[in-house]
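Undergrad: What follows is each chain in one-letter form.
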Amino acid sequence: MKVGRIIKVSGPLVVAEGMDEANVYDVVKVSDNKLIGEIIEMRGDKASIQVYEETTGIGPGEPVYTTGEPLSVELGPGLVTTMFDGIQRPLDAIRAIAGDFLTRGVEMPGLDREKKWHFTPTVKVGDQVEPGDVIGTVQETTVVLHKIMVPPGVRGKVKSIEEGEFTVVDTVCVVEGDKDYNLQMMQKWPVRRGRPYARKLNPDEPLITGQRVIDTFFPAAKGGTAAVPGPFGSGKTVVQHQLAKWADAEIIVYVGCGERGNEMTDVLMEFPEIKDPRTGESLMNRTILIANTSNMPVAAREASIYTGITIAEYFRDMGYSVAIMADSTSRWAEALREMSGRLEEMPGDEGYPAYLASRAAEFYERAGKVVCLGNDERVGALTVIGAVSPPGGDISEPVSQATLRIVKVFWGLDSSLAYRRHFPAINWLNSYSLYQNKVDEWMDKNIDPDFSKNRIKAMTLLQEESSLQEIVRLVGRDSLSEGDQLKLEAAKTIREDFLQQNAFHEEDTYTSLNKQNLMLKMVLAFYDEGKRALDNGVYLNEILDLPVREKIARAKFIGEDKVSEIENIIDELKNNIDELISKGGILDA
Amino acid sequence: MYKVAVVGDKDSILGFKALGIDVYPVIEKDEARRVVDTLARNKYGIIFITEQTASLIPDTIERYNNQMIPAVILIPSNQGTLNIGMDMINKNVEKAVGTNIL
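Protein sequences, first through last, are from chains A and B. Oh and the first sequence: position 31 is 118 in the numbering used here, straight run, nothing missing. Oh and the second sequence: position 38 is 40 in the numbering used here, straight run, nothing missing.
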């Protein structure tokens, strides 16, 4: 390949001439330091290259080597539990040779070439295989069974296949098609292209996260898209961490994109210690981390999102339910803006490039519930959850707007709720989920036939509360009728005893759907029973002074193995109200 | 048609019977409360109640203060007045016209 020559350097953007053999989106090595870069624009023989590493000390005249390959990730055993940087360099391995901070020009394959994995074939010699067919499995961690698939473009008869210990680059299978293909456990895939699938399905099953406000009121579907916009300090990162911890996906890809380093540290410290409620194994055994913290090179931030989603798609192709969390897509958009500015492109709103919306759409559209390639019609789902950090919490800015146009679930975090210590600070009045209908069906079928009815009732109470609050602000609480005052109290119970959830409390951090259903019933029972008592002439104060309310408030701390205690609380509430009515009410009314 | 009732200790209210008003003698708190609530539900438009009895059940009086029907009106008993009734009228006047003109 021809060697190009640098003619201009501007931060992470390098312009080189003599690049006429290269193509756009090819990976290049810049200067003799071999900095990794990617061509993002070609004009004649001049290529604009975004360099994924620090460019200090690089000047015009230095060489640029083309690799002729697009930016790709290596997919195979060894991904899970590893932490990568934005261009899939394993950070642990880099640390071993380069120390605590990234140094320039470190080259490191994405997957460990030395480590041996036990490969168990699932096809026999002579079988006909197509792209996506599983030819064997590797037990990657205790919970992840890694399926080795025929890469796209390869079809034919299995000529030989072996069981045993192999590294990711050893040939494990030979497929005889129009030529002999030597299949390894590892395959490569360019990050900017979505991996192929057979067909897309409509997402209809909820992604259960154990977060009450999310599962009950604003559910995300497996294979859906969701956005968490919120101002600084409103708890975006905690919400993302909670989802990464408790979502019932089989693989979690967490992309820390331009946020603080200590947030990734939290993940690294906490995840290995937390046990997955479904498998009883450490959460780290299903997690892949991609870190491009705020002090790491900007251009790699742009790539980190694509690296993450390509890895996620690969696991989806195995028929797993995968969830990818990107925290935060605003930093990614800012990286786009920085590159766009240096490319001297015409800026759009707030300086973001005009193609911001299409890039965001391209990313979120890679989510979905799909029938994977391959003869066994596996169904995999890829859920994308992106945090957005609008400056000042004003979601009328371009990144939030571009995101909201595409995603179907909106969890709007509210700084005033966060200020009142209401966490998770998801505003129930302006958040929405467009999967609600589908998920309602599922909940009614699998959890409780009354689930969606109860949810609607609780949401109605919360909405009525906000209009009553306006009256209270004008003329005071005492001017409301007792019925309305009870409504306010009931809504307060829903807010404090149901919606609020402590991410750092052992029992409260995760709530199963069964417990959510009972808790929802309990807080609604308070309203229904209170109303019954009022109708029978009992005084509001007497209802509010019932000691059982304390128990309602503490129900969230009841362990998952003792959820039937919530039913006892409901019974106790009913008995107490019956007593009140017989004591002070008018029975013959 | 709305009806008129009077609630209080027997000695104070018995005389109202001569005027054709329904008389409901009560002695203690819970009883008073239940009687007033029941009357309110049973289409009584005006409920007279002695101040002594009313002072036992302030919550109940407060409850009907904000409702148009029934009108709960405090009257002195045979022991004399406690001035609660007058205070309430003063308060209502103040609310209505903005200053105490009585």
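These are computed hints drawn from the structure, not numbers from a lab. Just so it is clear, CB atoms sit at the ideal spot from N, CA and C, and this is done for glycine as well. Among the hints, a few may not be true.
As the list claims (entries may be wrong) - The calculated BS3-like cross-link candidates involving lysine-lysine, where the alpha carbons are at most 30 Å apart (straight line), are:
1) A:Lys618 to B:Lys19
2) A:Lys203 to A:Lys287
3) B:Lys31 to A:Lys670
To be verified - To give a feel for the contact side, a few chain A residues facing chain B, derived at Cβ under 10 Å:
4) Tyr519
5) Ser568
6) Glu569
7) Gly624
8) Leu627
9) Asn628
10) Glu629
Undergrad: Using 10 Å as the Cβ threshold, decide whether serine 568 of chain A counts as touching chain B.
TA: 7 Å, holds
Undergrad: Taking the least C-beta to C-beta distance, is glutamate 569 of chain A closer than 10 Å to chain B?
TA: 7 Å, holds
Undergrad: Restraint: leucine 627 of chain A near chain B, CB-CB cut 10 Å. Satisfied or not?
TA: 9 Å, holds
Undergrad: Please verify whether lysine 618 of chain A and lysine 19 of chain B have alpha carbons no more than 30 Å apart.
TA: 37 Å, violated
Undergrad: Quick one, is the glutamate 629 of chain A hint okay against chain B at 10 Å, beta carbons?
TA: 9 Å, holds
Undergrad: Have a go at the asparagine 628 of chain A hint: is there a Cβ in chain B nearer than 10 Å to its own Cβ?
TA: At 7 Å from the nearest chain B Cβ, asparagine 628 of chain A passes the 10 Å test, so the hint holds.
Undergrad: Between lysine 31 of chain B and lysine 670 of chain A, does the CA-CA distance stay at or below 30 Å?
TA: 12 Å, holds
Undergrad: Report holds or violated for the interface hint on tyrosine 519 of chain A, using the least CB-CB distance to chain B and a cut-off of 10 Å.
TA: It is violated, given that the least Cβ distance between tyrosine 519 of chain A and chain B is near 37 Å, above 10 Å.
Undergrad: Against chain B, with CB atoms and a cut of 10 Å, does the hint on glycine 624 of chain A hold up?
TA: 4 Å, holds
Undergrad: If you draw a straight line from the CA of lysine 203 of chain A to the CA of lysine 287 of chain A, is it 30 Å or shorter?
TA: 35 Å, violated
Violation of the numbered hints given earlier is confined to hints 1, 2, 4; the remaining hints are satisfied by the structure.
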